[in-house]
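Q: Sequences are here, hints too, so could you generate the full structure?
These protein sequence lines map, in sequence, to chains W and L. The working numbering numbers the first residue of the first sequence as 1 and each following residue consecutively. The working numbering numbers the first residue of the second sequence as 1 and each following residue consecutively.
Each hint can be trusted.
Straight-line distance between alpha carbons at most 25 Å, and here's what the computed DMTMM-like set of lysine to aspartate or glutamate pairs gives:
{"no.": "1", "chain 1": "L", "residue 1": "K46", "chain 2": "W", "residue 2": "E228"}
{"no.": "2", "chain 1": "L", "residue 1": "K152", "chain 2": "W", "residue 2": "E68"}
{"no.": "3", "chain 1": "L", "residue 1": "K149", "chain 2": "W", "residue 2": "D365"}
{"no.": "4", "chain 1": "L", "residue 1": "K66", "chain 2": "W", "residue 2": "D365"}
{"no.": "5", "chain 1": "L", "residue 1": "K149", "chain 2": "W", "residue 2": "E64"}
{"no.": "6", "chain 1": "L", "residue 1": "K149", "chain 2": "W", "residue 2": "E68"}
{"no.": "7", "chain 1": "W", "residue 1": "K20", "chain 2": "L", "residue 2": "D131"}
{"no.": "8", "chain 1": "W", "residue 1": "K309", "chain 2": "W", "residue 2": "E322"}
{"no.": "9", "chain 1": "L", "residue 1": "K28", "chain 2": "W", "residue 2": "E305"}
{"no.": "10", "chain 1": "W", "residue 1": "K223", "chain 2": "W", "residue 2": "E260"}
{"no.": "11", "chain 1": "W", "residue 1": "K21", "chain 2": "W", "residue 2": "D397"}
{"no.": "12", "chain 1": "L", "residue 1": "K48", "chain 2": "L", "residue 2": "D80"}
{"no.": "13", "chain 1": "L", "residue 1": "K28", "chain 2": "W", "residue 2": "E249"}
{"no.": "14", "chain 1": "L", "residue 1": "K28", "chain 2": "W", "residue 2": "E68"}
{"no.": "15", "chain 1": "W", "residue 1": "K65", "chain 2": "L", "residue 2": "D97"}
{"no.": "16", "chain 1": "L", "residue 1": "K28", "chain 2": "W", "residue 2": "D103"}
{"no.": "17", "chain 1": "W", "residue 1": "K189", "chain 2": "W", "residue 2": "E260"}
{"no.": "18", "chain 1": "W", "residue 1": "K387", "chain 2": "L", "residue 2": "D131"}
{"no.": "19", "chain 1": "L", "residue 1": "K66", "chain 2": "W", "residue 2": "D368"}
{"no.": "20", "chain 1": "L", "residue 1": "K46", "chain 2": "W", "residue 2": "E249"}
{"no.": "21", "chain 1": "L", "residue 1": "K149", "chain 2": "W", "residue 2": "D71"}
{"no.": "22", "chain 1": "W", "residue 1": "K20", "chain 2": "W", "residue 2": "D53"}
{"no.": "23", "chain 1": "W", "residue 1": "K367", "chain 2": "W", "residue 2": "E305"}
{"no.": "24", "chain 1": "W", "residue 1": "K306", "chain 2": "W", "residue 2": "E108"}
{"no.": "25", "chain 1": "W", "residue 1": "K341", "chain 2": "L", "residue 2": "E25"}
{"no.": "26", "chain 1": "W", "residue 1": "K189", "chain 2": "W", "residue 2": "D292"}
Read the hints as simulated data drawn from the structure, not as lab findings.
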Amino acid sequence: MGTEGSQVQSLPGMQVRPLKKNLYEVAIGPAHPGSGHMRILVRVEGDVMVEVDPDIGFVHRTMEKLSEGRDWMKNIPLFERMAILDACNVTLPYVEAVEKLLDVDPPERAKYLRTLLCEINRVASHLYGFGIFGVFLGHSTLYMWAFGDREVFVELAERLTGARLTHTYPMFGGVRRDMPDDFGQHVRKAAAYMRRRLDEYAKIFLLNPNIRSRLEGVGVVSKSRAVELGLAGPNVRASGVRYDVRLAEPYEAYDRVDFEIPIYEEGDSLARAWQRVEEIKQSLSIMEQAVDWLEKHPREGFVHEKFWKTAPPIYKKVYAGEVPYASKYRVKMIPLYASLKVPAGRSFARTESAHGEITYYVESDGKDVPYRVRLVSGSYRNVIAFKYVMPGHRLADLPAIYGSFDYFPPEWDR
Amino acid sequence: MSTSAQGIVERLRSILGLTPEAPVEQLKGYVEVSVDPASLRDAAAKLKAAGFDHVKSVTAVDYPDKKQIKVIYHASSMLDESLSGYVVGLATSVDRDNPTVPSLSGIWVSAEFQEREMYEFFGVNFEGHPDLRPLLLTPDLAAQRPLRKDFKVVEEDDYLKSTYEEYTSTKRWV
Chain W
1 MGTEGSQVQS LPGMQVRPLK KNLYEVAIGP AHPGSGHMRI LVRVEGDVMV
51 EVDPDIGFVH RTMEKLSEGR DWMKNIPLFE RMAILDACNV TLPYVEAVEK
101 LLDVDPPERA KYLRTLLCEI NRVASHLYGF GIFGVFLGHS TLYMWAFGDR
151 EVFVELAERL TGARLTHTYP MFGGVRRDMP DDFGQHVRKA AAYMRRRLDE
201 YAKIFLLNPN IRSRLEGVGV VSKSRAVELG LAGPNVRASG VRYDVRLAEP
251 YEAYDRVDFE IPIYEEGDSL ARAWQRVEEI KQSLSIMEQA VDWLEKHPRE
301 GFVHEKFWKT APPIYKKVYA GEVPYASKYR VKMIPLYASL KVPAGRSFAR
351 TESAHGEITY YVESDGKDVP YRVRLVSGSY RNVIAFKYVM PGHRLADLPA
401 IYGSFDYFPP EWDR
Chain L
1 MSTSAQGIVE RLRSILGLTP EAPVEQLKGY VEVSVDPASL RDAAAKLKAA
51 GFDHVKSVTA VDYPDKKQIK VIYHASSMLD ESLSGYVVGL ATSVDRDNPT
101 VPSLSGIWVS AEFQEREMYE FFGVNFEGHP DLRPLLLTPD LAAQRPLRKD
151 FKVVEEDDYL KSTYEEYTST KRWV
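A: What follows is the structure, encoded as structure tokens:
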């Protein structure tokens, strides 16, 4: 790394190299405890950043290539590995894109179940982001609180799907299973708990004068700048842009539940933090509405008839309650999925994941594996902001800006 | 949806000044417009002026049979709510042996990193890109154009290799 004759100074997680008088290159990462697996090359003049080059790709797993060699169904567990904390949101557009090619519309109940898990994931993911944000700013209490409270939502997801993180819940034409009988009461309890906790978060973190002084007016992205850079998700809404896929092109049950899109005009790091608090509140409300609907309606039809009719009798008996679940009979995958061939065509689907909009372009040539899958996640759309927003700030502001964008390296590197 | 989707096709034709025979396809989830590489930048500028303010996804698809690589820019709008429900795919096809496409990152800054990614995975050369270098891969691996169809994924076997030379011979990079 060092050039001849220059002194290389190493700090924990950083290497510093003088380029010329008063101009230094600081390499942050790729194994920084807060940043995740990503390196940022920063050129500083004094301690003001003049050039920032996000160097990503340290956890790249070539998912787009791997998907071209796997069955359509097996790609769902593959893709959810890019953001296991947000597994339903990141696989849903793939499932939707393939459903468009299959010309299959999932039953109403499946749509509500997907909406429910998407919102559980969104809350869990925002809390994860908060925890990391706390670490970045040296606020270890928030880290402990947010990760502890995230467990509530991870356990909700486990009750619903059977898995804490990698649920593989949405499938083509429906979902993998229905919700347990007592799920509604757990959701309501979790929502009431989280609403109370958010007030405490505000007291200890967002209204804390130390934290505010580090976030307020730092990393300001104007409305037009946010659109020009193509930022996604809560970050663009914190800059005053009224754009949310749930609003622009409603998917699943989002056009039938009642929710608001919170917007902040300031566009600074503090606004991005508050934005996530408001979004958690909306998500809690959507979760409650979804379980209300699911409790009122009969427990049937969570997979499209095209697939359900090929299910083995034991599968149907378990869901009809004639055979106790988890007895000696194991419920297996509906056979049609294993031999699924998708008609040739091209489709595009998008959803709003916790880190921002996620889009899939799926192309099929009629075989049992995809011809091309292109996926662009919210974290990637946000990483460009580091290059354009950070210069002009002091090096000490880097963690505040980085944390406020809720950037999640494995989601982009995929 | 179907009537309004027809509306967006008509609107695109008037934005881009296309003749009725020009290829505008209503696909599942987006509308695809195909243009020549030479008129790509012009078409993008017209779309941007009409309100398509950002690029969601830059996609390249390899067609070895047709000896072509297709590059698609999926653009949409955040500020104009009458457009934000639609995604427009601006597509162009180039020769597979020498894929050169004019860069649109001067028009849509949001395309900058994704063009770098398509450059490393497909070898598509984006003319006029401000900073065209590999983004995710090492230069050795990027030189092999891993997302092209003729790059075959070799799975590593489970057995431990007895020598270091044998081990590294199974790697595609150093």
